[in-house]
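Q: Read off the chains here:
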Amino acid sequence: MKAIAAFILVAAGLAPLKWKFERSIDANHLSSDVLHHAIDLRERVGQTAFIAILGGFRSVVADLLFIDGHFAWERVDWSHLLLRLRQVTMLQPHVTMFWDVAGWHMAWNASTAALNDTSLSVAARRRLQREYIELGRDFLERGVANNPKNPKLYEALARLYRDKLNDHARASENFLRASRLPGCAAYDERSAAYELSYCEGREHEAYDYLRALYDRGEKERLPTLIARLRHLEEKLNISPTTRIPAK
Amino acid sequence: MTHTAIHISRVTKVYRTPFRRQATVALRDLNLEIAPGEVYGLLGPNGSGKSTTLKIILGLISPTRGSVTIFGRDNSVVAARREIGFLPENAYFHKFLTGAETLRFHAKLCGLSKSKTTARINELLAAVGLTDAGDARLSTYSKGMLQRIGLAQALIHDPKLLVLDEPTAGVDPAGSRDIQELIASLKNRGTTVLLSSHLLTQVQEVCDRVGILHRGRLMREGQLQSLLGIENQTELILENASPDLLDGLEQQIASTSARLIVRRKPQASLEQLFLKVTESTEE
Amino acid sequence: MITSLRRIRAIAGTTLIELARLRVFYVLVLFALVLIVSSTFLARISFQQELQVTKDISLGAINFFLSLLAIVATAQLLPRDIEDRVVYSVLAKPVPRFEYILGKFLGVVGLLAISLAAMSVLCLVVLHLREQSALHEVNRQIEQLAPDQLSSTVRVIHTAGVNRDLIAALVLVLAKSAILAATTLCISAFATSNIFTITAMAMVYLIGHLESIAREYWLQEHVAGWPKRTFLALVAFIFPDLQAFNLSDQVIGGVPIPAHLIEQLLGLAAFYIVSYILLATAIFYQREL
Ligand SMILES: Nc1ncnc2c1ncn2[C@@H]1O[C@H](COP(=O)(O)OP(=O)(O)O)[C@@H](O)[C@H]1O
Ligand SMILES: [Mg+2]
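Protein chains in written order, with the working numbering: chain B, 1 to 247; chain V, 248 to 530; chain H, 531 to 819.
Only chain B is shown next, with the shape it has when bound in the complex (with noise of 0.2 Å):
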């Protein structure tokens, strides 16, 4: 027994070894930049237990519940569906496309489906409708946090905020965030810098912004900028001289 003791104290002396040896490690792995910040414990331990348990056929039973999942779409039980997607992206984080499509199937088909249910006071309409977007905007934005280096998944919640939210800001910042990032849409930019330019009370900083973006060159003066660079030349009163060549 007095051995053990021992033991244990000595151990205990090199817990704090133990420790910096495993967090040094930790910096430098795929998982830790993520999960160090973003994600919560709950889902953490979820992920990573899955991890353990299923191993390598955690991608098998991901696609299964995909099917599942499809399915569930097929016979429009939104919960049904709702539960599998959580399940597929808990199973593979990794995999960008689960993410994208949950955050789709919520945000465009389950709130569209919510809005048009003819059983439900417009109220209740309206109120489902708006569960479902965030719900899909919930997806997109774990999925953004467990792949911060993926720009699929910034242009999918740009888009959302976009068309869904209205909310201009955050369209632009996550058109912006993707635009940064290797293998991003020539469209990034350019989506970033219109989401910008319909923001009120930014409008220098949007001007700016597109005329940067015209002053690249042919490729980049898409008339969509040149309208809004037109707009925002009015709004502004930029001086004549400085303003875009008219056609």
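These are computed hints drawn from the structure, not numbers from a lab. All residues carry an ideal CB built from backbone N, CA and C; glycine is no exception. Possibly wrong hints are sitting among the right ones.
Unchecked claim - Quick list of in silico lysine-lysine cross-link-like pairs, DSBU-like style, CA-CA up to 35 Å:
| id | chain 1 | residue 1 | chain 2 | residue 2 |
| --- | --- | --- | --- | --- |
| 1 | V | K363 | V | K390 |
| 2 | B | K18 | H | K758 |
| 3 | B | K20 | H | K758 |
To be verified - Listed next, the stretches of chain H that the computed footprint assigns to chain B, with coverage defined by at least 3 CB atoms under 8 Å from CB atoms of chain B:
| id | region |
| --- | --- |
| 4 | 683-693 |
| 5 | 742-751 |
| 6 | 766-777 |
| 7 | 791-803 |
Given chain B, put chains V and H with the ligands in place with the hints provided.
A: Just chains V and H with the ligands, lined up with the frame of chain B:
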């Protein structure tokens, strides 16, 4: 300076089982001294503490109190075990090894050099009568063969002290005699032997001295003959005596101060001693 | 020193022979091999990248079966030796208990290395074949693809196929199962049945994957209440961080693994193994045989 082979001084062993309040006292204040070259038999019924004593000697378990030295050295140092060979009770060894492989494995554990090992293995297989079975797996061995390979394994490094836990248990009479002969031949070469048994008849011939253990206490100790002899009694064993002669003798005895205790056919008496010793402590 | 090494080698060698005769060993390896081969079929019906899913399943199967083998094989070593009294005849020889425990451990590691080699060869062959057929497909469509598109497609296939990081991940699977074997020895050094050992190890396996979370909460956050704090500290102190050895997400995602990370992980594995072997020896010294 010459040492005793084994010196056990006031050893007490208490087994504590976790989650159970009651502790088993397996040995109480045991003192034992075994001289070099002696064959000592530790006798006692099952559960009397024989195996516990032997395991403490080998350092497999540590005594709760007391100390043990082997040839003057504390038995807890690993080096003390270089001089000891041990045959555990009911050992099966690695069933998937052959007899020769078993001996080779134990030779490596003892640090025998490769060159010596093969010769030693053949020598020992011959000594225990397993030359033909040396290449058979232990899973095919009978109980008697297992005990013999166990003896060979204990002897692999030519130890000065041999400790055998129930070497004859479960072995048929012929096998038991072979084992006794082997022990006798080791004794002739000066090896000290400590063996345990719950059957006295199986070891009575080879032991110089025996100790009788009961409930963790050493009840009696000494040479078999003197232990068995009852000082004030004399036994006559007659052959072909007529009933008349016997009746006459009986009458003659009755006229003296002597008393005839029993008139019967002779029988082995070892078990009686056993019973007498153990009964006296029965509550 | 040399005789000590000889003794350890003798014990390890005998242990390896003993383990290689276990039926469970063949069942597990066979299972893993079947899974690796069938992974390509599972991958073909998947929504995710085919090569990546093949790799995920193969790596997962190897990881799972090697971990299971490490636990099951190690759990029965000491009980069996005690039952057959082998432990008495061995420890009655001039063999320190540390050498006995280390020999047993090395025997298990030998078995794990052999199993890993068998499974890895098959896994690499399967992946290589899939990779070749994917490249073949690209070559067939070569006319339709723009040059930069072509090179990026080929690069994606290569990162998803056989590469250095995959080998590193396989080596780390061995390190992880060796840690599990050392931990199992600790538990079986005091356990009275191997069912208990295996059940306890199932918990160690699960909690070991969550250790990093407990550790971060203990070190960073201010969790209220001493029962919770004590619990977190104990988990972070006793258990190995098994999740750290899971590089499959990285390998499958095609994120390159830095060389120093692999070195660090091997160092961490050595640290765990030495600690647990010493603990197992300390527990085994106390054991009444
Ligand atoms: N490991 C152990 N734990 C608890 N009790 C034990 C243990 N080994 C032996 N005992 C107890 O100690 C006593 C002596 O046992 P033992 O030395 O094996 O006797 P013998 O060899 O004479 O049959 C018995 O009552 C037995 O039940
Ligand atoms: Mg006994």
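Q: Flag every earlier hint the structure violates by its number, smallest first.
A: 4
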